[in-house]
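Engineer: Using the sequences and the hints given, assemble the complete structure.
Number of protein chains: 2
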Amino acid sequence: MTEDLRAILLSYVDTLVPGISKDEVDGIVENLRVSSYGKGTKLVSQGDVALDCYFVLKGCLRTFHVTEDGHEHTAGFFVEQETLTVLESYRYGRPSPFGIECLEDSIVVLGRLEEEQRLLEREAGLGAILQRGLEEALAAQVKDLARFRAQSPGERYEEFLRARPGLAGRVAQHQLASYLGVTPESLSRIKRRLSRASGS
Amino acid sequence: MTEDLRAILLSYVDTLVPGISKDEVDGIVENLRVSSYGKGTKLVSQGDVALDCYFVLKGCLRTFHVTEDGHEHTAGFFVEQETLTVLESYRYGRPSPFGIECLEDSIVVLGRLEEEQRLLEREAGLGAILQRGLEEALAAQVKDLARFRAQSPGERYEEFLRARPGLAGRVAQHQLASYLGVTPESLSRIKRRLSRASGS
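Those protein sequences? They're chains A and B, same order as listed.
So in the working numbering, spot 191 of the first sequence is number 191, and the numbers just go up one at a time.
So in the working numbering, spot 173 of the second sequence is number 173, and the numbers just go up one at a time.
Calculated directly from the structure, the hints in this document are not laboratory data.
A few of these clues could be false.
Same chains, same label: a pair holds when it works inside one copy or across any pair of copies.
Stated by the list, open to error - Restricting the straight-line Cα-Cα distance to at most 27 Å, the calculated cross-link-like pairs of lysine-lysine (BS3-like) are:
| no. | residue 1 | residue 2 |
| --- | --- | --- |
| 1 | Lys58 | Lys39 |
| 2 | Lys22 | Lys143 |
| 3 | Lys42 | Lys143 |
| 4 | Lys39 | Lys143 |
| 5 | Lys58 | Lys22 |
| 6 | Lys22 | Lys39 |
| 7 | Lys22 | Lys42 |
| 8 | Lys22 | Lys191 |
| 9 | Lys58 | Lys42 |
| 10 | Lys42 | Lys191 |
Note that this is a predicted model, so its numbers are computed, not measured.
Structural biologist: Structure representation (structure tokens):
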């Protein structure tokens, strides 16, 4: 792990557990599992058990699922300083509804439930922090779905550009289209319309 | 509260906390707040703090939000034996992104955080059960959003009919349309197409 990446991690652990001592942060970071994967690496196949959760230090992961009619759909993109957990697998060992792959060369921190439990025993305040993280994630997800229901495809695209700057240029356009719930042809039309509107 | 409704509640508490004694269930049910509301009652306005969570004994609640352009969109329908919590309000006192109203005359059990905390102190196993409920709700919500992204409007409607039998007949069609992310005109077309297909 380079010093840059180590600094990102130290700062992340520090944010996660405010007031934690420098020695404790060092102790946690030393024991983390960090892995590098090449672009295109499949980390999990849909239907397998996804025991690891991921914290992206560098690169981009994608979750996707293949529906009964054989079509593949993107469920999420995960870039630097974002976490990805398939909760039913990580917590309860159930098959993952999603496959996970690397869209770029990626460096990630891996976590497992038993490691979380060891940390929970050592860090008294961590349980409440993780609980709050879970609650905030659920509240955000409920709002995301409500917003997605309410938006037109064009509004979804414009919000994606605003909310996740730079990401549209890092992913394949057919993956972005399925993430936005439109066909690649519709996404092209939306982009042409926006570029005409901004050019006029 | 009628005996029928009381029986539903007793059975719900029993499912929620397996192995709980009959006396304890009785004690919990006696202390619950149950309210009846007429059709059309606004329980919460968007932007207000929604401190209560709801367990529907009878009737139908709806969450909705008005977007910047002044359009109202349905976020969810909640019928018998379903719970509705605006987590950021209930847990953290923040403004609710959703309004809540009764689509039918409704009877609901109301819960507040301080009541939950009193119960948590009395029922040793309840914390783990609520934690699991939160995790399962988040996992389900992630799958719901992924499915919504992947489905065509027609597929969303057919799944709604399958997953929530009887509900389509209980709600206004423009509310159902916005819940499915389509215009009322599109929903009418989808219904005509399906009725032609099933009639042929």
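Engineer: Would you mind marking each hint as holding or not holding in the structure?
Structural biologist: Hint-by-hint comparison with the structure:
1. Lys58 - Lys39: within (12 Å within a copy, 53 Å between copies)
2. Lys22 - Lys143: neither (36 Å within a copy, 38 Å between copies)
3. Lys42 - Lys143: between (30 Å within a copy, 20 Å between copies)
4. Lys39 - Lys143: between (32 Å within a copy, 25 Å between copies)
5. Lys58 - Lys22: Intra 24 Å, inter 54 Å, cutoff 27 Å: intra-copy only.
6. Lys22 - Lys39: neither (34 Å within a copy, 58 Å between copies)
7. Lys22 - Lys42: neither (35 Å within a copy, 51 Å between copies)
8. Lys22 - Lys191: For Lys22 and Lys191, the Cα distance exceeds 27 Å both inside one copy (48 Å) and across copies (62 Å).
9. Lys58 - Lys42: Result: close within a single copy only, 16 Å intra versus 47 Å inter.
10. Lys42 - Lys191: Neither: 30 Å inside a copy, 40 Å across copies.
Going through the hint list in order, the structure does not satisfy hints 2, 6, 7, 8, 10.
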